[in-house]
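Enquirer: With chain P's structure known, arrange chain L on it following the hints.
These protein sequence lines map, in sequence, to chains P and L.
Numbers 1 to 665, taken from our numbering, label the letters of the first sequence in order.
Numbers 1001 to 1458, taken from our numbering, label the letters of the second sequence in order.
Note that these hints are calculated values from the structure, not bench results.
The C-beta atom is built at its ideal place from N, Cα and C for all residues, glycine as well.
Careful: at least some of the hints might be erroneous.
As the list claims (entries may be wrong) - Okay, derived cross-link-like pairs now, DSSO-like style, lysine-lysine, Cα gap no bigger than 30 Å in a straight line:
{"hint": "1", "chain 1": "L", "residue 1": "Lys1180", "chain 2": "L", "residue 2": "Lys1222"}
{"hint": "2", "chain 1": "L", "residue 1": "Lys1216", "chain 2": "L", "residue 2": "Lys1104"}
{"hint": "3", "chain 1": "L", "residue 1": "Lys1050", "chain 2": "P", "residue 2": "Lys374"}
{"hint": "4", "chain 1": "L", "residue 1": "Lys1050", "chain 2": "L", "residue 2": "Lys1216"}
{"hint": "5", "chain 1": "L", "residue 1": "Lys1216", "chain 2": "L", "residue 2": "Lys1227"}
{"hint": "6", "chain 1": "L", "residue 1": "Lys1216", "chain 2": "L", "residue 2": "Lys1172"}
{"hint": "7", "chain 1": "L", "residue 1": "Lys1216", "chain 2": "P", "residue 2": "Lys374"}
{"hint": "8", "chain 1": "L", "residue 1": "Lys1227", "chain 2": "L", "residue 2": "Lys1192"}
{"hint": "9", "chain 1": "P", "residue 1": "Lys374", "chain 2": "L", "residue 2": "Lys1104"}
{"hint": "10", "chain 1": "L", "residue 1": "Lys1315", "chain 2": "L", "residue 2": "Lys1234"}
{"hint": "11", "chain 1": "L", "residue 1": "Lys1315", "chain 2": "L", "residue 2": "Lys1383"}
{"hint": "12", "chain 1": "P", "residue 1": "Lys374", "chain 2": "L", "residue 2": "Lys1222"}
{"hint": "13", "chain 1": "L", "residue 1": "Lys1192", "chain 2": "L", "residue 2": "Lys1234"}
{"hint": "14", "chain 1": "L", "residue 1": "Lys1186", "chain 2": "L", "residue 2": "Lys1022"}
{"hint": "15", "chain 1": "P", "residue 1": "Lys391", "chain 2": "L", "residue 2": "Lys1050"}
{"hint": "16", "chain 1": "L", "residue 1": "Lys1200", "chain 2": "L", "residue 2": "Lys1180"}
{"hint": "17", "chain 1": "L", "residue 1": "Lys1172", "chain 2": "L", "residue 2": "Lys1185"}
{"hint": "18", "chain 1": "L", "residue 1": "Lys1172", "chain 2": "L", "residue 2": "Lys1104"}
{"hint": "19", "chain 1": "L", "residue 1": "Lys1104", "chain 2": "P", "residue 2": "Lys391"}
{"hint": "20", "chain 1": "L", "residue 1": "Lys1315", "chain 2": "L", "residue 2": "Lys1050"}
{"hint": "21", "chain 1": "P", "residue 1": "Lys391", "chain 2": "P", "residue 2": "Lys619"}
{"hint": "22", "chain 1": "L", "residue 1": "Lys1216", "chain 2": "L", "residue 2": "Lys1234"}
{"hint": "23", "chain 1": "L", "residue 1": "Lys1234", "chain 2": "L", "residue 2": "Lys1180"}
{"hint": "24", "chain 1": "L", "residue 1": "Lys1234", "chain 2": "P", "residue 2": "Lys382"}
{"hint": "25", "chain 1": "P", "residue 1": "Lys382", "chain 2": "L", "residue 2": "Lys1315"}
{"hint": "26", "chain 1": "L", "residue 1": "Lys1361", "chain 2": "L", "residue 2": "Lys1379"}
{"hint": "27", "chain 1": "L", "residue 1": "Lys1200", "chain 2": "P", "residue 2": "Lys391"}
Claimed, not checked - Chain L side only, calculated, beta carbon under 7 Å to chain P, not exhaustive:
{"hint": "28", "residue": "Asp1002"}
{"hint": "29", "residue": "Ala1124"}
{"hint": "30", "residue": "Arg1127"}
{"hint": "31", "residue": "Lys1180"}
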Amino acid sequence: MDTRRGALAVPKVRRVGFFTSAIEPTQDSSQRPNRSQSGPVEATTSSSPLSDSPSGNLISPVLIPPSRHHSDNLTSRAVAAAAAPVPVPGPAAFRRYLAHDRGLNVGSYNPPDSLLGTSPPSSNGEFSEDSVSLFGFQRSDSAKLSASFPNGGFDLTLAVRAPQEPEPKIATVSASEVTKKIAEVSGKSESVTTKPQKEKEPKSLKDKTTKAERRAIQEAQRAAKAAAKGEGNRRADESGKANPGKAAKKPQPKKERLPATSSVSVKTAVAVEKEKRMDVPQTQMQYDDKSRVEKAKKRAVVEQTESKNKVELFLHLPQYERGNQLPDLSSNIFILDTIHHAVYKVGLQHLAGDISGDNARCIAMLQAFQEAIKDYTTPPMKDLTMDLTTKINGYVSFLIECRPLSMSMGNAIRFLKNQIRKLPVNLSEPEAKASLCSDIGRFIDEKIILADKVIVQHAVTKIRDGEVLLTYGFSCVVEMILLYAHEIGKKFRVVIVDSRPNLEGQKLLRRLVTRGLDCTYTHINAISYIMREATRVFLGASSIFSNGTLYSKVGTACVAMVANAFSVPVIVCCEAYKFHERVLLDSICTNELGDPDAVASIPSFSTKAKHLKTMDNNKNLQFLNLMYDSTPSEYISMIVSDYGMIPPTSIPVIVREYRREHLLL
Amino acid sequence: MDFQVVILAGGFSSTLFPLVSKEVPKALLPVANRPVLSYVLDLLESNNLKDLIVVVEGEDAALKVGGWISSACVDRLHVEVAAVAENVGTAGALRAIAHHLTAKDILIVSGDIVSDIPPGAVAATHRRHDAAVTAMLCAQPVSGPSESGGSGGKDKTKKPACEDIIGLDSWKQFLLYIAKGTEIKKDTRVKKSILCAAGKMELRSDLVDSHIYAFKRSVLQKVLDQKPAFRSLKQDVLPYLVRTQLSQRSDVFSDQSNVEENGNGNGKNNMQNNEVVLSQILSNASSPSFHQVYESGLDSRKTHKCCVYIADESKYFVRLNSIQAFMDVNRDVIGDANHLSGYSFSAHHNIVHPSAELGSKTTVGPHCMLGEGSQVGDKCSVKRSVIGRHCRIGSNVKIVNSVVMDHATIGDGCSIQGSVICSNAQLQERVTLRDCQVEAGYIVCVGGEHKGETFARK
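One chain only, chain P, in its complex shape (with noise of 0.2 Å):
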């Protein structure tokens, strides 16, 4: 826990790149206690008796200096950061680092802050943009913080701040507090350096919180909240958008979420507004709610049934039905006539399970829309841009009926409601489409094709001769590398770690094989055993989250935690539209369910037929299919993406710095 903490703070690092000129090393320094606050604030919060646990020491990546992009001087800069204290282990030194990037990072989150009463909002695109990330950091931290201050991550300075003003008089937020608040922070900061303080400070901080003062706090926030909006400022608005709001309506104090958000960059404040509506898809409903359970039953185009013996632990997640779910969908082919028939076909197939794998549902998902967006004419007295938006709404609920989008879907489906918004108004109809069915053509050659191309250019140059090669499932990029690696006539062997139900990695040992490469198949029972051979493990992912975490399918982690116990570097090999400005934790908030019988079913035991029914009535039983799990970032020794190797800490970099050029494309 502790060392994920230690490893999450390292994007941090990566921020100093790009506040170069702006923030000088005085400012720094200056800035350092903030965070240092902060820094305690989680250590309470992990209720992990594994802080201080040896696994901090584990911590042994493998450096692999990665090579620089062509274009992005930044992220070579950063990534020039990032190198220097990668073979600086040790829990110390990580610590005082931990330390001081976050004061770095403060120190460039302040200043648009004192900003706040004094200057207008700035107009600046590259500022607003800046503000934004790094937002998506601050609810990063906040959500640690969850357990006691559930509200957004803007309220973390204030929170901290609380407990020595309580006053709820504060309605605004003027320069001079927030200086003030800055000075006061400054002053503590050497003494909150040291490890035992850190522990204490915050209990304090927590038993001092009464009733009253949690009250006043929450209202400080608000008004803040209030303040920073009527100023302007977009960064109060994604905040808003991230959780207070809708997390005070529906307070789930257990299971509270990260609310998956979009902290895109966009030039109007306009464009912000609409966007939040827009995002809807991005936000996944709890299915542990009941009554928001119901409401979506209603909507449902596929009618869902209640599947029994859930695992208590994943209620919040959809559960799985499919066995139902496709003979009712599939009877009613024709009575869901709003739903394009492309759209259907890719429903049914991902319902079915006839397309897996990230990459090719969210071509075959794309392909469906320039389909549908062919077929479609914009009915008389409406427009375009906003009924085709709401018919692609229409498509991609239907499409989560079917299965639960991934990440990646996630990104391509808010890129081409970006594009549809973006239709310059003048435009015609054809034209439109055209435009439209073009950008989705561009985004699959650029994001996935030619993003694999560069990956397969990237990964080959760290195969070399008489190497052994580990892969896990199956991974599209993976085996492009692997093919391509053996056609410029590298000799190497792969060793194919599989796991039950689905057996992907068949697939993908049917065609190596094939095409004539050396190969083991084993099932991830044997991952310790196999794992001494192996000297590189190649994974595929389905999306990395900005804290570096890997989220895949379910038993990468594992993979890539013997690999790591054996000190076999572990490089994923991902596209970079699949990353996502989100922080995840763990695999329990977002995951998904598979089909439970896939579990208890064995092919070859037809026998147990019988077995099987007997055992679909006992209470006592749950079967559990999980799809997914999260891979720490210390586990991953590096990232080959379409903008080159990078360290998993330079995600948010690439999130942050891609993520305009890539809704613009």
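Expert: This is chain L only, laid out in the frame that chain P set:
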């Protein structure tokens, strides 16, 4: 959803000889006093399929069917009735209306089915697999009268042991082999390539082809064009497609692929390359069917998929293609499968029209139907039978397991068991019929005792 629906309503079928006549084509045979075609139309309408093409053999029949359709459902459905020449077969009928077919996929439904299986399921399976043809299979219907009184007769002996022999792959998704059970004498041939590619084949005789198919239009039209000898969809086209699913002959399918290749070749090399990668990603991600595995082994060949949808056993399905089936359908629609009939049943599980007149001491048992304006005399007993409109039935008549169509007249003291009496037929006094069929307008003379006979004018 880009589907076009074609209903093959047939004409004057010879297998149903005494029942169908010049006045009543097969599609209008009454099942529980409704034409059988109405069941198909209802089924399609409930699935929101409202644009239909009904193909009828013969001009006369087409006029009759068209007349009925326009009177019955002109306001609800958009139906085109197409007449084709007689005895062209199902394939011939489709060939004749080929120019009407424009959608990407064609759903072909036989006009003589009584079922509650949603046709959408076939369409969905078809779409999901992107198949060339998808057939719906269902469990073999239970045939024969439910009461096992010695009413077996000739129909029972005529019934084949197994109607279709169907080979499926191990996931029951693809059709590997299909043949009519009656055609197979001792041995049969199975394509070796298919067997090798699929690995395993499951031969089933407990399933029957339900005559609901989804075809890809391009494939169907090509086959129809290039094989002019094909007459029947089921016996020629479907087995042909199944047989050639792995080894498509160049004459039928290759020209399309050639066109595609040419088109790509002219385009930008880069684009084509991307498309290749794209399709590869897609195909790699999906679990390969044996078709793809086979295809990858032999680059030159193209394959198509023949899928099946196996209906749930709880669903009802009967094809009205024999007299026995006709009896079964009538029995079931007012009995076990009464949700299909669309009537509301009384507390006694029967339907007696309010305008029907019953004599004293007459009993109408459960699973019976008495049409509008019919008169039944005294001391009659009606069990498990359907009696049409405006029938006149004398007193002391026993009707069991039978169908009496509209305007029939039955004299006093008759006993009818397991028989069909067509409209306007007349039974004089004290006639005893068992497993007989009486043609429309036929007069059975006084006091005859008949068993297993067919009454028709020569």
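Enquirer: With reference to the structure, classify each hint as holding or not holding.
Expert: Structure-based check of all given hints:
1. Lys1180(L) to Lys1222(L): Holds: Lys1180(L) and Lys1222(L) sit about 24 Å apart, inside 30 Å.
2. Lys1216(L) to Lys1104(L): holds, 6 Å
3. Lys1050(L) to Lys374(P): holds, 24 Å
4. Lys1050(L) to Lys1216(L): Holds. Lys1050(L) to Lys1216(L) sits at ~20 Å (cutoff 30 Å).
5. Lys1216(L) to Lys1227(L): holds, 16 Å
6. Lys1216(L) to Lys1172(L): The hint holds at about 20 Å.
7. Lys1216(L) to Lys374(P): holds, 21 Å
8. Lys1227(L) to Lys1192(L): holds, 23 Å
9. Lys374(P) to Lys1104(L): holds, 16 Å
10. Lys1315(L) to Lys1234(L): Roughly 22 Å separates the two Cα atoms, so the pair holds.
11. Lys1315(L) to Lys1383(L): holds, 25 Å
12. Lys374(P) to Lys1222(L): Answer holds: Lys374(P) to Lys1222(L) is near 27 Å, not above 30 Å.
13. Lys1192(L) to Lys1234(L): Cα-Cα ~22 Å, so holds.
14. Lys1186(L) to Lys1022(L): Roughly 40 Å separates the two Cα atoms, so the pair is violated.
15. Lys391(P) to Lys1050(L): holds, 23 Å
16. Lys1200(L) to Lys1180(L): This hinted pair holds, its Cα atoms lying about 21 Å apart.
17. Lys1172(L) to Lys1185(L): Cα-Cα ~26 Å, so holds.
18. Lys1172(L) to Lys1104(L): It holds: about 25 Å lies between the C-alpha atoms, which stays within 30 Å.
19. Lys1104(L) to Lys391(P): Cα-Cα ~22 Å, so holds.
20. Lys1315(L) to Lys1050(L): Holds, because 23 Å separates the two Cα atoms, which is no more than 30 Å.
21. Lys391(P) to Lys619(P): violated, 42 Å
22. Lys1216(L) to Lys1234(L): holds, 15 Å
23. Lys1234(L) to Lys1180(L): Holds: Lys1234(L) and Lys1180(L) sit about 9 Å apart, inside 30 Å.
24. Lys1234(L) to Lys382(P): violated, 48 Å
25. Lys382(P) to Lys1315(L): violated, 44 Å
26. Lys1361(L) to Lys1379(L): Satisfied, since the Cα-Cα distance of roughly 5 Å is no more than 30 Å.
27. Lys1200(L) to Lys391(P): This hinted pair is violated, its Cα atoms lying about 44 Å apart.
28. Asp1002: holds, 5 Å
29. Ala1124: At about 3 Å, which falls below the 7 Å cut-off, the nearest Cβ of chain P leaves the hint on Ala1124(L) intact, so it holds.
30. Arg1127: Status holds, d = 5 Å.
31. Lys1180: violated, 28 Å
Checked against the numbered hints above, the structure breaks hints 14, 21, 24, 25, 27 and 31 and satisfies the rest.
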